[in-house]
Amino acid sequence: MDEWILKRSKTVHDTAGREVRVLEDASAIEAGARFGCSVRAVYEAALNAGICPFRYIRNRETVSMEEQFQLVNSRVAVVGSGGLGGSALLLLARMGIGYLVVVDPDRFDETNLNRQALSSVPDLGQPKCEVAARVLENVNPGVDVQVHQDRMDRTNAEEILAGSNVIVDALDNVPDRFSIQAAARSLKIPLVHGAVAGFEGQLMTIFPEDTGFSLLYGTGHEERHPEKSPEALLGVPAVTPSFVATLQVMEVVKILLNRGTPLRNLMVHVDLEAGEMNRFTFQ
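Counting in our numbering, the sequence shown runs from 20 upward without gaps.
Bear in mind the hints are in silico, worked out from the structure with no lab data behind them.
Be a bit skeptical, because a hint or two may be false.
Said to hold, decoys possible - Subject to a maximum C-alpha distance of 25 Å in a straight line, what follows is the list of computed SDA-like cross-link-like pairs (lysine to any residue):
#  : residue 1 : residue 2
1  : 207       : 182
2  : 207       : 258
3  : 273       : 254
4  : 29        : 86
5  : 207       : 301
6  : 207       : 166
7  : 273       : 298
8  : 273       : 249
9  : 273       : 118
10 : 273       : 46
11 : 26        : 46
12 : 26        : 45
13 : 207       : 197
14 : 273       : 238
15 : 273       : 54
16 : 29        : 89
17 : 207       : 217
18 : 207       : 94
19 : 273       : 295
20 : 207       : 249
From just these sequences and the hints, can you work out the full model?
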């Protein structure tokens, strides 16, 4: 396959006029069919040979070829594929994360259309995770997607999340967050938390050894009344989950590539209406 990829690759010039050897999507898809492998595996082979998948040419000067190879070989689990999760999944796929695990028991309904990036009128009534798999395949055929149409709890979390490099919390309730945190600690996997309500949101990255959700929610294990949640009381307009999901995906990239400083042991609070972003540390 390597020789075939080399023959099908070509030299182009990027927006700065630099020569780059690239492999176009059509050739990657053909290679996958010819050699009986996934398009993700074709991207991996191309990057290993110093050939940039053409779709990633605009990543190249910010994310090196070696880092893009790391992303193609990374697995990220997104728990929830609604407001936060749908936006996060699209961004992760476009960044080139090679394996995505999607967990969501729900189906799309009309109230999701205002904010959930994966929802559309033709897909109302369809399982969110199955729609996610179809949409992501069209966005980036080089992503292998695994779906679980299940509510994650303490009985199944470790089995579903095992093998992931990072977990994204895109849930809408506190007890389930503690369940995935417990699984993440047991599996020694970093967890990126996000939550939204109205024009406000929050973000925290939790490594297995960190204090985590108890800083935000106390014990947090009691079931709360859904109608009294911040999301229910304030609603969720489209801009808020989109913005917070972007911050979550940036945290994922920092963790996977060991770049920058993850937002550990602190909460970032954003108020889009006020145009403010603040950090709160915990003593």
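A quick look at each hint next to the structure:
1. Between the alpha carbons of residue 207 and residue 182 the distance comes to roughly 10 Å, so the proposed pair stays at or under 25 Å and holds.
2. With a CA separation close to 32 Å, the supplied pair residue 207 and residue 258 exceeds the 25 Å bound.
3. Only pairs whose Cα atoms come within 25 Å are accepted, and residue 273 paired with residue 254 is rejected, the gap being roughly 30 Å.
4. Between residue 29 and residue 86 the CA atoms are separated by roughly 21 Å; this keeps the pair inside 25 Å, and the hint holds.
5. Simply put, residue 207 and residue 301 have alpha-carbon atoms about 22 Å apart, close enough for the 25 Å limit, and the pair holds.
6. Under the criterion of a C-alpha separation no larger than 25 Å, the hint pairing residue 207 with residue 166 is consistent with the structure, at around 22 Å.
7. Simply put, residue 273 and residue 298 have alpha-carbon atoms about 18 Å apart, close enough for the 25 Å limit, and the pair holds.
8. Between residue 273 and residue 249, the direct Cα distance comes to roughly 29 Å. Violation of the 25 Å bound is thereby established for this hinted pair.
9. Distance hint between residue 273 and residue 118 is fulfilled; the C-alpha atoms sit about 17 Å from each other, no more than 25 Å.
10. Our distance criterion of 25 Å between C-alpha atoms is broken by residue 273 and residue 46, whose separation comes to about 30 Å.
11. For the hint pairing residue 26 with residue 46, the CA-to-CA distance comes to about 10 Å; that is within 25 Å, so the pair holds.
12. Only pairs whose Cα atoms come within 25 Å are accepted, and residue 26 paired with residue 45 is accepted, the gap being roughly 14 Å.
13. About 15 Å separates the Cα atoms of residue 207 and residue 197, which keeps this hinted pair within 25 Å; it holds.
14. A distance of roughly 29 Å separates the Cα atoms of residue 273 and residue 238; the hinted pair therefore is violated under the 25 Å criterion.
15. Distance check on the hinted pair: residue 273 and residue 54 sit about 33 Å apart at the alpha-carbon level, beyond 25 Å; violated.
16. Under the criterion of a C-alpha separation no larger than 25 Å, the hint pairing residue 29 with residue 89 is consistent with the structure, at around 23 Å.
17. Distance restraint check for residue 207 and residue 217: the Cα-Cα separation of roughly 33 Å exceeds the 25 Å cut-off, and the hinted pair is therefore not satisfied.
18. The straight-line distance between the Cα atoms of residue 207 and residue 94 is roughly 14 Å, inside the 25 Å bound, and the hint therefore holds.
19. In summary, the hint linking residue 273 to residue 295 is supported, as the alpha carbons are separated by about 22 Å, within the 25 Å threshold.
20. At most 25 Å may separate the alpha-carbon atoms for a hinted pair to count; residue 207 and residue 249 exceed this at roughly 30 Å.
The structure shown violates the earlier hints numbered 2, 3, 8, 10, 14, 15, 17, 20.
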